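Enquirer: Sequence:
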Amino acid sequence: MKRKFLFADIALNISIVVFFLSVAAVVRISGKLSEMNKLNRGYYSSHRQAFTLNKKTGTFDDIKKIYSKCMAGTILYKELSRLEDLRGVLVKGDIDAPPVMEGRFFNENDFYSNKHIAVVGVKQKDRVYEKNGGFFIDIGGHPYEVIGIAGTGCSLLDYTIYINLDSLSEVDNEAGLFYLDGISGDVVNKSIEELKDGINVINLDNYGIINIFFGDIPDLIILMCILTSFLLSCLFFTYFWFYSHKKLPDVMNIIGMSRGQIAGEIFREYVKTILPAIFTAIVVMMGLVL
233 MKRKFLFADI ALNISIVVFF LSVAAVVRIS GKLSEMNKLN RGYYSSHRQA
283 FTLNKKTGTF DDIKKIYSKC MAGTILYKEL SRLEDLRGVL VKGDIDAPPV
333 MEGRFFNEND FYSNKHIAVV GVKQKDRVYE KNGGFFIDIG GHPYEVIGIA
383 GTGCSLLDYT IYINLDSLSE VDNEAGLFYL DGISGDVVNK SIEELKDGIN
433 VINLDNYGII NIFFGDIPDL IILMCILTSF LLSCLFFTYF WFYSHKKLPD
483 VMNIIGMSRG QIAGEIFREY VKTILPAIFT AIVVMMGLVL
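One rule links them: number in the working numbering = place in the sequence shown (from 1) + 232.
If you are wondering where the hints come from, they were derived from the structure by calculation, not from laboratory data.
The structure presented is a predicted model; accordingly, all values stated were derived computationally and were not measured.
Treat the hints loosely; a few may be bogus.
[Unchecked claim] With a straight-line Cα cutoff of 27 Å, these simulated DSSO-like cross-link-like pairs (lysine-lysine) come out:
#, residue 1, residue 2
1, Lys288, Lys363
2, Lys479, Lys504
3, Lys297, Lys478
4, Lys324, Lys428
5, Lys301, Lys324
6, Lys287, Lys301
7, Lys504, Lys478
8, Lys288, Lys324
9, Lys357, Lys347
10, Lys296, Lys324
11, Lys297, Lys287
12, Lys297, Lys422
13, Lys296, Lys504
14, Lys301, Lys428
15, Lys288, Lys422
16, Lys301, Lys479
17, Lys301, Lys288
18, Lys324, Lys297
[What the hints assert, rightly or not] Listed next, with one range per pair, are the computed distances between beta-carbon atoms:
#, residue 1, residue 2, range
19, Gly492, Phe472, 52 to 62 Å
20, Ala256, Asn421, 25 to 35 Å
21, Ala407, Gly385, 24 to 34 Å
22, Cys386, Ala256, 51 to 61 Å
Quick reminder that beta carbons are idealized off the backbone N, C-alpha and C, glycines included.
I would like the entire structure built from these sequences, with the hints used as guidance.
Expert: Quick look at the structure:
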């Protein structure tokens, strides 16, 4: 049967290409927004819970006792300085670590062994010096071995310095908050529930203008609305294509084709029509990804 190229064919192909590309764009943008949300929270995830201890000064034994109650898959941060973004870290299990440009971030084996270890932001590299085949940075008058360079090259994370929290004998609880983060909200919430008698939980959900522009739920709703609109457009033009070919079954019936043959032929015509769109969308998506 000779094919006749109709406006419906063109419209359908364009709508399918746009839908495929919108899916790719939504996936890519949602990933960027997730990263942006983390960066705007100091690279704490949306699961993080902030708290203080009940006393002004906490020894490391106090902190170790508290963290021992936390579940695996959590990371405890402590803001250590009013003057710079210096954070103490304790890690338990697999965690979603900040992005590292060189070396590595902390793992569970780096703690409780009298080590002094640091991961520094890329903008702090000028403070790093080489000694005895290793790299070090002085924090509080003590050399810390640098095991990684963190950052993105264009965020506040580039100025952050992380040290293993067990390298300190005590911390000033009034200098900053503790943050318990983790691979899931369930892990963090259960851990906070275990700690509730010894800590004061701070609700940060509604603090700051950043939440207005980069809240997780509004971003997700906007992206899903965009994707839904393109999906409805694609469905509309699919219906339009079938409507424009409504006379085909009558013609096929006249020439003696059965219902099954008619359905199969129309389906094959539809597939032939959308193949250029699918091929084009896949090629463009691969070009964008690679």
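Enquirer: Run the distance test for lysine 324 versus lysine 428: straight-line Cα separation, threshold 27 Å.
Expert: Holds: lysine 324 and lysine 428 sit about 19 Å apart, inside 27 Å.
Enquirer: With a cut-off of 27 Å on the C-alpha distance, tell me whether lysine 288 and lysine 324 pass.
Expert: Roughly 25 Å separates the two Cα atoms, so the pair holds.
Enquirer: Would you check the hint for lysine 288 and lysine 363, treating anything up to 27 Å between C-alpha atoms as holding?
Expert: Violated - the C-alpha atoms of lysine 363 and lysine 288 are around 37 Å apart, more than 27 Å.
Enquirer: Holds or violated: lysine 297 with lysine 422, Cα cutoff 27 Å?
Expert: Answer holds: lysine 297 to lysine 422 is near 16 Å, not above 27 Å.
Enquirer: Quickly compare the C-alpha distance for lysine 479 and lysine 504 to 27 Å and report which way the hint goes.
Expert: Given that 27 Å is the threshold and the Cα spacing comes to 18 Å, the pair holds.
Enquirer: Hint check: lysine 301 vs lysine 479, CA-CA at most 27 Å. Holds or violated?
Expert: Violated: lysine 301 and lysine 479 sit about 71 Å apart, past 27 Å.
Enquirer: Given the hinted pair lysine 296 and lysine 504, is their alpha-carbon gap at most 27 Å?
Expert: This hinted pair is violated, its Cα atoms lying about 65 Å apart.
Enquirer: Assuming the hint says 25 to 35 Å, is it satisfied by the Cβ distance from alanine 256 to asparagine 421 or not?
Expert: holds (34 Å)
Enquirer: So does glycine 492 sit 52 to 62 Å from phenylalanine 472, Cβ to Cβ?
Expert: violated (25 Å)
Enquirer: Within 27 Å, alpha carbon to alpha carbon, are lysine 296 and lysine 324?
Expert: holds (12 Å)
Enquirer: Lysine 297 and lysine 478 were given as a pair; does the straight-line alpha-carbon distance stay at or below 27 Å?
Expert: The hint is violated at about 74 Å.
Enquirer: Can the restraint linking lysine 301 and lysine 428 be considered satisfied, given a maximum Cα separation of 27 Å?
Expert: Roughly 11 Å separates the two Cα atoms, so the pair holds.
Violated hints, in rising order: 1, 3, 13, 16, 19 and 22; the structure is consistent with all others.
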